[in-house]
Structure formats: C-alpha cells, structure tokens
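Chemist: Next come the chains, spelled out residue by residue.
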Amino acid sequence: MEIINDLLLFLPATIVAIGGLTVMMLDGYKARSRTIYTTTMVFLGIALGVASWDLLMQAPELIFSDMAGAGGTAAFGTFIVVFGTFFTVILTHDYLIGVKHNFPQVYPLLMFCTFGMIVLATANDLVTVFVGLETMSVCLYALAGIIRDKRLGVESALKYFVMGAFSTGFFLYGITLLYGATGSTSLPEIGAYTDGGLIYWGGVSLLLVAFMFKVSAVPFHMWTPDVYTGSPTTITAYMSTAGKTASFVALVLILDRAMPFIATELTATFSIIALLTMILGNAVAMVQDNVKRMLAYSSIAHVGYLFVGLAAGSVAGYSAVLFYLLAYTFMNVGAFGVVAYYEKNHDVHFNNVESYAGLGYQRPIMGVLLSIFLFSLAGIPISAGFNAKYLVFSAGIEAGLVSLVVVGVLASAASAYYYLRVMVYLYFREGKESVSLIEPKKVYSFSLVFLALLTLYFGVVPGGVTEMIYGYFSDSMLTATAP
Amino acid sequence: MIGLELYLGVSAVLFVIGVLGVLIRKNAIVVFMCVELMLSAVNISLVAFSASMGDVHGMILVFFVLCVAAAEACVGLAIVIAIYRNNITADISKINLLRW
Amino acid sequence: MAEFVWLIVVIPLIGFLINGLLGLSSEGYRKQKSVIGWLATFAVFVPFLIAFQIFLEMNAGSEPVVVRLFTWIEAGSFTSDIAYRVDQLSILMALVVTGVGTLIHIYSMGYMKTDEGFYKFFAYLNLFIFAMLNLVMANNLLLLFLGWEGVGVCSYLLIGFWYKDMEKATAANKAFIYNRVGDFAFLVAMFLVFRTVGSLDFDVIFSNLHLFNGDIAFWVAVLMFIGATGKSAQIPLFVWLPDAMAGPTPVSALIHAATMVTSGIYLITRFSGLYMTSPEAMLLVAVIGGLTAIVAATIALTQYDIKKVLAYSTVSQLGFMFLALGSGGFVAAMFHVVTHAFFKACLFLGSGSVIHAMHHVEHELEHEGKHVHFDPQDMRNMGGLKEYMPSTYKTFLISTFAIAGIPVFSGFFSKDEILAYLFNAGLGEFGAVYYALWGLAVLTAFLTAFYMFRLTLTTFHGTFKLPGKFKGAENAAKYLHESPASMTAPLWILAALALVGGFMGVPEFFVTTFTSTDATVNWLYAWLSGVTVRAAIILPYGVKWTLVAIAIVVAVGATILAYRMYDNDKGEATDAAIRERFGSLYATWEDKYKFDEAYEAMIIRPGNRLADRVLAVFDVKILDGFVNAIGSIVQFFGSLLRFVQTGVINTYAIAFVVGVILIIGLLIF
Amino acid sequence: MLEAYLPIFVLLGIALFLAIVLAILSRVIGPYRPSATKLRPYESGMDPVGDAKERYSISFYMVAMEFIVFDLEIIFIYPWAVRYKELGLGTFFAVMVFILILTLGLIYTLKKESKNFQISKSTN
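Protein chains in written order, with numbering that gives the first Met the number 0: chain A, 0 to 482; chain B, 0 to 99; chain C, 0 to 668; chain D, 0 to 123.
Among these hints, one or two may not hold up.
[Claimed, not checked] As a list, the in silico DMTMM-like pairs of lysine to aspartate or glutamate whose alpha-carbon atoms are at most 25 Å apart:
(1) C:K385 - C:E279
(2) C:K369 - C:D304
(3) C:K307 - C:E26
(4) C:K112 - C:D377
(5) D:K84 - A:E438
(6) D:K111 - A:D148
(7) A:K441 - C:E26
(8) C:K307 - C:E367
(9) C:K369 - C:D114
(10) C:K307 - C:D566
(11) C:K32 - C:D214
(12) D:K84 - B:D54
(13) D:K84 - D:E72
(14) B:K93 - A:D5
(15) C:K468 - C:D574
(16) C:K119 - A:E438
(17) C:K119 - A:D5
(18) D:K84 - A:D5
(19) D:K111 - D:E85
(20) C:K470 - C:D202
(21) B:K93 - A:D288
(22) B:K93 - B:D54
(23) C:K385 - C:D574
(24) D:K110 - A:D148
(25) B:K25 - A:D148
(26) A:K440 - C:E589
(27) C:K393 - C:E579
(28) C:K385 - C:E363
(29) C:K470 - C:D568
(30) C:K468 - C:E386
(31) C:K385 - C:D374
(32) C:K593 - C:E507
(33) C:K112 - C:E428
(34) C:K393 - C:D304
(35) C:K591 - C:E571
Hint data in this document are derived by calculation from the structure and do not stem from the laboratory.
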C-alpha cells in the first residue's frame, strides 16, 4: 500500500510521534521519571539512527500525495532537528533535576514539538507548513513556561504565546492571499505562477513576515531575548537550534520551490532585513551582562548572517544557509549546555557574566568546552562557525552584495568582543567567593565533548557535507549563481 | 449574488480590528480574543476564495485553522491562568520583568 | 622529500596535543619539566631538519611543489584544499620559523623553569609554530588566513600567559582586538580576490593577475596592507605591540620580533606581482612604513624599560621592511626579515637573560630578609653587567652592531639594500616622495644605531647602579650571575648568525665594480627571483657606492656619538640634556605621540560617556572598564536600542506591525 | 488584476480608518474604570486565587478543554462519515488512528486530572 511506503519514508517523524504518545501514556500511568526519560531516549535514538540513514541513503522523493518530501533537504532538516532534540533531552533531564523541577511532561511535549518540526522541515505544501509550524509553536509555548511557579518562565511563555499567535494570524492571511492568487497551496504549483499582482505580493510579504518572526529577524525579534532568557536554559537551546533550523529549512524550501522566479526581487528586502538584524543583534549583545540574554541577541545576529545567504538568492546561498544551520546547532546546543551546567549549580542570577569569574579553572573541561563553542560562534577559523560564515559571505559576494558582506564581516569581527568577554571572565578574573561546581554527569560531559568534536571536525573537513547539500538543489529552478 | 470582493472586505476589516485589538488592549484574555478574531477573519477569506474557485483545498485548510485555534486556546488559557497566579494580574502592560 | 612537507606542519601540532592533553589530565606529567621541554623542542627541531633537507634538494630554479592533503571546503564552484606549497619563499620562511623557534624553545626551558604553567607554555608555543607554519606554507588564501588567525589566538594566549596580572590580560585583549581590525580588512580582500579570480589558490591567482584591473588591484592591495598593519604593528594599529611585551620574554622574541609580526611582510611579498601593478598602493605602503619607522625610533629613544626599547625598535625595523616593500624591494624586505629575526631574537633573549638575572637578585635579597622592590626591566637600575654576564654581553653587543648597520654585520647589508631601493624608487613615479622617505630612512638608521647603543651601554657598561639606588641592595652585585647554558647557547648561535647572516645577500655591485664581469654573489636574490617580482635597480655604480658610504658614516657616526654620550654612567645626565634640548618634541616622543590617548579620547571615552549617561537612567551597571574601540561605539547604539525593548507585549506587537508595513512596502512598491 | 481588487483596498483603507477612529473614540469618550474584577481572567467565573506552588484547581476550564477535544473530532470525522463508503479502507484506518490518538489524549487527561473532576462534580 502506498500509505505504508509513505510512512516508511516518513519513519523518523512516525517514530517520534509514537514515542511521544508512549511517553505521554507512561506519564499518565505515573511511571517513574527515570523510565520516562529512558523510553524517550530509546525512541529518539532509533529516530536519530533512521534519520542518519535517510540523510546518507535516501534519494529525494515526494510523499503523502505530494504534501511532504523525503530525502534531500527534508532528510537534512529532519536529521538536524532530531539530532538537536536528542542532545536537548540529555541536557534537559540533567538540568531539570538540577533545578529541582523534573516534570515528566517535558518529554512528551519535546517529542510532539519535534514531530511538528520534522513536518515543517519536510513540507511541500503550505497546509503542511502550517500544521507543522503550529504543532511546533504550541508545544514551544508550553515548554517555555514549563516551570509554572517561576515568574520569568511564565512571563516568557505568555509573551511567546501572544506574539506567536499574532504572527500565526499574519501567516494564515499570507497563505490565504497566495491561495487566492494562485489557486493552490502546493509549493511547486505556486512556484509555477508568475503573474504577480497585488494579492500575490501581499501573500508573499505576509508569509515571509511570519517566517521572519519565527526565526526572529529584526524587527520581528522583540520576543526572542525575553523568551530565551525566561525559558529553562536547555529549552532555550532547543528553540534556538532545532526550532530555528526547522523554520529556516521550511523557508528555504518555500523560497526554492514556491518563489524561484522572484528571488531577485526578494534580494533587496532580505538584504535590508539582514543588515538590520546583524547590526542590532550584535550591538545589543554587547551591552548584555546576562550570558543567556547575550546568547539570545547573538542568536539574532546569527539570523542576520543567515539572511545574507537568503539574500544571495542562489543555490550557493541556500546551501550555505543549510550548512550554517548544521554548524549552529552543534555549537549553540553546546554553549547553552555549558551555561545550563553553570546555572544549575547556582541560583538564577548566576547567569550574570560577573559570576563566571574564575570558573574556567573549576572544572577545566567545561571551561575549555565553552571556549570552543564561543570561538566557533565568533567565527574563528578551524571551527564549524568560521566555515559556515565563510560560505554564507562568499555566496553573498558571488551575488554581488559586496557592501552587505562588508557590514557582515565587520559585525562578526565586532562580535568577537562579547564572546571573548565571557572567556575573559572565565580565565582572567579571580572568582569572588569560593564557588564549587559539582562534577558533571559522565553522559552530560560526554555529549558536550561530542558536540565540541563535531564543531571542530566541521571546521577542518566540512568538504563532504557542503558538497552533499549543494547536491540537494541540483534540480532547482534557480540559476547556480544569481544576478 | 454577493461578490468575492465583499467577503474579502469583511475579512480584511475583521482582521484589522483584531490587529488593533492586540496593539491596544491590555487584558491578556482580550488580547487573546483579538488574535482569535484575526484567525476567524482569515477563515472568511479562505472560504470565500475556495467557493469562488470551486476548489476544496481552502475549506480543508479552514478545518486545520479551527483545530489550531482550539489547541492554541487550550495552551493560551493555561498560560494566562499561570501568569495570573504568579502576578495576580492579567494586565500585560504590568508583566514586564523581562526587558532590555 | 618535498612530498613530506605536511610533516613539517603536523609535528608541532602533535607536540601541542601531547603536551596539552597529558598536561591537562595528569598531575604527574606536569612535573616532568625536562620531558615536556625536550618533547616540545623536538616537535620544532624535527620539522626544521625536514625543511632543511627539502631546502638542500631545491635550487633557485626549482618549480613550486604543491602537496594537497584533502579538500577542506567544497561547495559548488568553490573549493578550498588543505594544501601546502613548497617554493623558495615558503621554505625560507619555514627555515626561519623552525630554526629560530628551536633556539627559543631551548632557551625557554631555562627561562620558564620555575613557572607553574610550564606545560601550558610549551603547548602554546608548539601551537603557535603550527599556526605560523600554516601561514607561510599555505597554498591558498583561506589556509593562510587560518594560520593568520591562529597566530593571533596563540599570541593572545601567550601575552596573557600570566593571566593573574590584570595588566597583562588587558594587553592580551588589546593585541587581539587590534588584530581583529586588520583581519577584517584581510577577509574583505580575500573576498575581492575570490570575486575577481574565482579561486583562492595561489597558482590560479598568480596566473590570472591580469584580471585585476587598476581599481581592484589597488583595493585588494590596500586591504591586504591594512591586514598587514594589524599583524605587523604599523601605524595606526601598532600600539598593541609594545603592550604585548607583558608576555614572557621568549614569547616576545619568537612572536613579537622574529616571526608573527613579519607575516604581513611575507603576505605582501607573496603578492608582489599584484602590488607591482598598483604604484599608488606601493606608495601608501612605503609612506606608512617610513612614518612608522621614524615614529617608533623616536619613541624608543625615550624609553627606559629594556623590553619596551626593543619593542619600539621592532616596530621601527618593521617599518623599514615596509619601506622596502613599498619601493619594490621585495627581496630586500625578505632579507631584512631574515637578518632581523636573527639579531632581534638574540637581543630579546639577551634582555630576557638580563631580566632573569635581575629577578634573581630581587629574589635573593628577599631571601636575605631585605625587601627591595625595583623594576627588573628598568635599565637605570642596571649598568656594568658586562663583568657579571660576559656571554650575554658579547652576544648582545654583536647583535647591536648588526641592528646598527655597522659594516660586515648582517644588518648592514640588508639595511643598505633597503636604502638603495628607496633611492632607486626616487627615479620612478612619485619620485619626490621616495626621496623624502629615503631621507627619513637615513635619519631612522641614525636613530636606530643611537638608541641601541644607548641601551647597550647603559645596561652593560659603567657601574652597577642598583646598590646605590635602593636601600638594602648594597651587596646586590654578588647575586648577579650569568644565565645557564640552555640560555646562553641559543644566544651564541643567534649572535653568530647575526654576524655572518648578511653574506647571503651581498650586493652584486660589490664584486662587479672590481671584476667588471657578471657575478652571482647575491645568493638570496638568486634564490627568490623565481617567486617574487622586484623593481630593477638602475642606479649607476657611483651612486650605489655613495649610498653605502652614507650608510656607513651614519651608522658609525651614531655609534661614536652614543659611545661618547652614554658610556661611563653618563646615561641619565645625557638623557636629561637631550630632554632639555628638544623640549616639547622630546615630551611628544616620551608620550608615544599620544596614540593611546588619542584612541582613548576619540573612540573609547566618548562611547563610554554616552553609554554611561544613557544607562544611568535605567540604573544598569556598565561594563567594568573593559572596553575597546569598536565595542564602545556599537555599545552606545546598543544601549539606545534598549529603549525599544520595554518588556510590554503591546510594544512588541507595534514593532511587528511596523515590520509588516516595511516588508509590504518593500515588496509591493 | 490590480483594478479588479481596487475596491478591496479602498475598503481596507476605510476599515483601517474606521477601526482606528473607533478605537481612539472609545478611549477618549468611553469611561475607563479598571477594577480588580474587570482585570481578572474571568469576570464571571471561578476565581483562581492561591499560591502558585499548589496544584492548580483547574476544573473550570478542564471541562472546556475536554469539550474542544471532541469538538475537533467532529470537525474531521463529519465529512468522512458522510462519504466513508467512497473514501475506502485506507481513509478508514487513517481516521481510526486519528480517533485513537484523541482517545489517548483523553485517557491521559482523565488519568492526570481525575481528582479535579471529582472536585468539580462536588462543587457544581
């Protein structure tokens, strides 16, 4: 039967969904938290295995009556999402026990959220995009406020929810106008429509607005710092990596399939957004004393760099964006992981950068790991972050966006300042009181080491992956190098 | 026969009212109701387009929209209750611990 | 043998990994200082042997060999390999880096003996050598940039090695941030090259130089030069180098004198073909180099910290090298890079030996129960050291002769060639400027000889002044002693090289004038002729000999003058007299032309003040003095933007709607 | 294309104008007397007061949520029920999976919140 075949091709999502339901029922029947965690990890492990297999073996294909895709970009997006979730769950388990709020509801919510992300990243139809986006968002609203008696957490959930629902309204209006103009919700069919017109352009703008909100591009970024600061730290890592990846992959898919012929017309808009985002993200990150908030603004800045790739409007640009997402997932989950480790040893005010003084020598391994992740985020060579930035910027140059790239390079040079500042506190300042950090769990530090190794590995030999990503766009309607 | 334009017009008006509500109102529940109004406004457009083109895809999307609106309502109410319990207010202009 | 070139690069990395990982993980290993030291030294010495073997197998006419290890980045049309290039230029640089590196490793074993972070120090040194070798051996710009950033990071780590000292941590940050400014320009230059040629491989770039038409060539050249001013400490980015002397002395010798700071010169020499097509860019290089040379030399005249004098002297000599580059003497610049590496490394290590001895004195006095606190780097506390430290004195003197440009010593040949090129450039475009620069260079040469002898004579001649200056230090002299053999041996080797190193580039007219036949005594020129372009010297013999004569007169004159003014403890009196004579001019020199203050006043302070005022409204504590040039400006705008982030959802929604209007406006109209 | 939709945008403009004017008018003319009662989440409902660290007494809106669950079921099942013969076996299984998932959700809520239901029964 065709549906069986489709489900097999959609296996990671299916496993995650079944896993989510299983874990939910375990929670309903009051299983021990440890059991729930183990079950979650088993399901995610299997899903990660299948996703890796798909990533390497599966040829691009359309499934569920062309509503979704498998292989190619879909497999790539699925892989990053499941990978990010896998490590998030490891970190979250430890973190929630550390802050004494080990709610078992987190695990089913994370699984459902991941399911939504996979649907979003594999979508080939605006209806699928909508369903995936909303499944993801609704779960994220709940996850942001999962610690119900923490005022900051609940406040961030409220802000995320109101703004998210607000943007959903615009997103839907965009879909509706596009549907009205083109008569279809399928991405390739919308892509075939070239007549333009007011309704069409209105739809395109509202659709892009909604995505810019989800990936937190300026000026739709306002919720990001608040939500990232207020949410539990590991959930923030999850939002900023898996969540952002899914949204960006969907955005790239939409741009590639539904809007290939207007790529040149979108360049100006994306350039302006990229410019605003890079400048604002980096500028505000510099004045932050709270490390978590600094990382939130830095994640906005990274969105700016990613938009340079989108502005290029070429295959090189889009594939650079995908590689960037992979690299960003490694280093940002890692960075938040170390921050979460420091945080759970102390109270919430500990996220202030001054309280990091001298911590680099307390648990040397954690200090070194944080340094690696920050170096990579700052884009220093032999790290995945450098290669990612390099690819994005060179795609921009190829597309003739020289001045935009100059601003980008300058902004990323300036960003070294605030990443370095954290390291200055870690290593060059004496700690005020004698804080003692408990030894991290083996699995915790092992996961972080693994992420750091990946960060370095993709700094040294990203060759194979970049070529693979490039291959995804072989039948793209875009010219290899735009304008 | 009422033309497509009028349906779209009503939908646009409702949508704008919803947007303005979010911009102006302070009570979290009212803001939330305004968001729901936006979604319903879009549904009118969708159904109108769908009917005028004789294509059912729009109508199916309406189902999903309703579904999502309901799910959001559940989560939204829970969050509002939680915020009220934490702050003893549902006035969103007073909920600003997180800023800058 | 050339195919094993990757070993040269990889072995230091292995050394770094072994020392770093074992040192981090095992308490016991950290105590095995001789094991750590020798392992690190061999991790540099073995690559030196390999490089030497490759060197022996090459000749001036050898074709470049490119060894590709694997593909680094590949995306569509863009590929970049990890590939190393063996040609006359890269092997020369590799020999200098590993050779001087080995000597400094040996020296460090003695110098750092009692330091807690012994293993860390050697691990960093190995890492630095690895990065530096990547820089000089790379076959494409991206790998070169990797090394470029890598040496920056290592220098940051090593300057801030004694991190507990706040001043040193600040100096490390300063170095890193000033370097980043240059790096940014370099990166943009790289993008421009890629855009023009479509590749970053040296082979492709060099065979497509014609694609760089006027403007692009100028911009690429200027941007690369800005990158070089950051790394090689030229105006306006030179202020970090003197502060970088906060690091351990071997680091100053290796990184901030012999190798890293010359990477800017290496880069421009690599792209000599490109620079020759843009006379305007060449002129800019020469002018900046000339100004830096004179500015740094005058500052050096007023300094009392023995390492600071050497630091400013390094900046000044680097200026000399840029003068050579700017006037088309790429080989002359490389020549000076090599000789400078010898004598400046020797001078730094000698100063390290002196500081080591002075520290020892302080330590022993402490032991005796006398708490005498003096600056062990201040040369006014020294004097008469030649009797106590004969080896250090002799090697220091030889190197001083070399840097002063006294005939037969290495510095004489290289400096003379630079002057000849400058004068020669006066015959071409922008002639007047080049003549002026030549005058400036001669003046700088005079000052160089003068302040270097001021340093040597004040430190080593006369009487030991510490006992007279500090209460309780009366019998300090008996604790003075020569440094151990592990420190003096490298000094002697470097001094020997400083003595004879010049003969690799004896100007041809020295021979041809007398034999009136073609001769190839200038080995270095022949060796590098295949890999660099250079302007032809068209001066007649008479002019050439006149220039040589002027150089000799200037150097010898300055030496004699300095001897008369500074020997026999006349140092401080003379300085006072000079201060009297030059008045405010001297004050300007002493204030280092107020470069730091200018940066502070123009960029850092206004940013801070505004940010302070804005933030005071919200009672937000501002960063604790840790600010930098780019940072503060951006910070100011950043704090302004905080106004918008009110924390109220309605505001966010309004921003959202403004964004929607913006996007709709952009796309529909 | 452009002319055809012109009326919409004229209407949109009028709507925007009217909406803004009305909103401002209601602000200016209308009395704004915020009271504790008005600002509560439910003006006429159960008053959720208490310490945040306690378990929520959420029986009030639990019922509403249960209602929504079944509401959704109907939306998707109704069209299928009308045409289920034509739609075939595959769709039948799809809908069954859909109902199964909803049922699991229902079981979960019942298990988790059974206590609350009892309370709500006794208080109603």
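Chemist: Now tell me if each hint is right for this structure.
Modeler: Tested hints:
no. : hint            : result
1   : C:K385 - C:E279 : 49 Å, violated
2   : C:K369 - C:D304 : 24 Å, holds
3   : C:K307 - C:E26  : 36 Å, violated
4   : C:K112 - C:D377 : 23 Å, holds
5   : D:K84 - A:E438  : 63 Å, violated
6   : D:K111 - A:D148 : 19 Å, holds
7   : A:K441 - C:E26  : 21 Å, holds
8   : C:K307 - C:E367 : 31 Å, violated
9   : C:K369 - C:D114 : 23 Å, holds
10  : C:K307 - C:D566 : 21 Å, holds
11  : C:K32 - C:D214  : 55 Å, violated
12  : D:K84 - B:D54   : 22 Å, holds
13  : D:K84 - D:E72   : 19 Å, holds
14  : B:K93 - A:D5    : 50 Å, violated
15  : C:K468 - C:D574 : 18 Å, holds
16  : C:K119 - A:E438 : 23 Å, holds
17  : C:K119 - A:D5   : 56 Å, violated
18  : D:K84 - A:D5    : 23 Å, holds
19  : D:K111 - D:E85  : 39 Å, violated
20  : C:K470 - C:D202 : 66 Å, violated
21  : B:K93 - A:D288  : 24 Å, holds
22  : B:K93 - B:D54   : 47 Å, violated
23  : C:K385 - C:D574 : 22 Å, holds
24  : D:K110 - A:D148 : 23 Å, holds
25  : B:K25 - A:D148  : 23 Å, holds
26  : A:K440 - C:E589 : 56 Å, violated
27  : C:K393 - C:E579 : 33 Å, violated
28  : C:K385 - C:E363 : 20 Å, holds
29  : C:K470 - C:D568 : 20 Å, holds
30  : C:K468 - C:E386 : 19 Å, holds
31  : C:K385 - C:D374 : 19 Å, holds
32  : C:K593 - C:E507 : 43 Å, violated
33  : C:K112 - C:E428 : 55 Å, violated
34  : C:K393 - C:D304 : 21 Å, holds
35  : C:K591 - C:E571 : 20 Å, holds
Hints 1, 3, 5, 8, 11, 14, 17, 19, 20, 22, 26, 27, 32 and 33, counting from the list given before, are not met by this structure.
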